[in-house]
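J.: Sequence:
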Amino acid sequence: MNEVPYNLLWCILSLTLGGFVGLAYSYNKYVKPYVEGNIDRWGLISGILGGVLFSIPLPYNINYPLSLFLLGIPLGMRPGYGRVELILGVSIAVLGYLIRGLIGR
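Once you know that position 33 of the sequence shown is 33 in the working numbering, the rest is easy, because the numbers rise by one and skip nothing.
Among these hints, one or two may not hold up.
Said to hold, decoys possible - Straight-line distance between alpha carbons at most 20 Å, and here's what the computed SDA-like set of lysine to any residue pairs gives:
#, residue 1, residue 2
1, Lys29, Val84
2, Lys29, Gly80
3, Lys29, Ile39
4, Lys29, Leu13
5, Lys32, Gly80
6, Lys32, Arg83
7, Lys29, Ile45
8, Lys29, Trp10
9, Lys32, Leu49
10, Lys29, Pro79
11, Lys32, Pro79
12, Lys29, Arg41
13, Lys29, Arg78
14, Lys32, Val84
15, Lys29, Leu9
16, Lys29, Ile12
17, Lys32, Arg78
18, Lys32, Val21
19, Lys32, Trp42
20, Lys29, Arg83
Quick caveat, the hints were computed from the structure, so don't treat them as lab data. Fair warning: this is a prediction, and the values are worked out from it, not measured in the lab.
Using the sequences plus the hints, can you model the full thing?
T.: Quick look at the structure:
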């Protein structure tokens with residue numbers, strides 16, 4: 001087993017880059033350290049797109065790194081920002097994965 005799982009390395013790299021993008025975005029947009037009841041529109045869109053893209057089969061398995069990059073954006077936001085967006089995106093990804101697994105059988 002001398003084979004390196006390059007797809008997993010791309011996924012980890014894209015999740016990390018998405019976290020950095022989310023952190024830079026939230027520090028540039030928000031001045032307050034923590035706000036309750038605020039849902040970020042760009043974080044919500046990236047979370048939903050990342051969740052939906054996770055269950056869509058694309059050539060060369062490019063969907064996993066792209067979806068993890070998009071899910072990494074709300075994950076990397078400042079503390080107090082991006083939690084609703086991340087939970088929504090991950091729940092859509094898990095639901096799509098389960099539906100895809102049940103239909104595939």
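J.: When you check the alpha-carbon spacing of Lys29 and Gly80, does it fall within 20 Å?
T.: holds (13 Å)
J.: Does the structure keep Lys32 and Trp42 at a Cα separation of 20 Å or less?
T.: holds (18 Å)
J.: Does Arg83 lie within 20 Å of Lys32 when you go C-alpha to C-alpha?
T.: The given pair, whose Cα atoms are some 16 Å apart, holds under the 20 Å limit.
J.: Holds or violated: are the alpha carbons of Lys29 and Trp10 at most 20 Å from each other?
T.: violated (28 Å)
J.: Checking one constraint from the list: CA of Lys29 to CA of Val84, max 20 Å. Satisfied?
T.: Holds, because 17 Å separates the two Cα atoms, which is no more than 20 Å.
J.: Is it true that the CA of Lys29 sits at most 20 Å from the CA of Ile45?
T.: Cα-Cα ~16 Å, so holds.
J.: Verify the proposed pairing of Lys32 with Gly80, using a straight-line Cα cut of 20 Å.
T.: holds (10 Å)
J.: Would you mind confirming whether the straight-line C-alpha gap from Lys29 to Arg83 stays at or under 20 Å?
T.: holds (16 Å)
J.: Would you mind confirming whether the straight-line C-alpha gap from Lys32 to Val84 stays at or under 20 Å?
T.: holds (18 Å)
J.: Holds or violated: are the alpha carbons of Lys32 and Leu49 at most 20 Å from each other?
T.: violated (27 Å)
J.: Decide if the proposed pair is consistent with the structure: Lys29 and Pro79, CA atoms, cutoff 20 Å inclusive.
T.: OK: Lys29 and Pro79 at ~14 Å, within 20 Å.
J.: If you draw a straight line from the CA of Lys29 to the CA of Arg78, is it 20 Å or shorter?
T.: holds (10 Å)
Against the hints set out earlier in the document, violations occur for numbers 4, 8, 9, 15 and 16.
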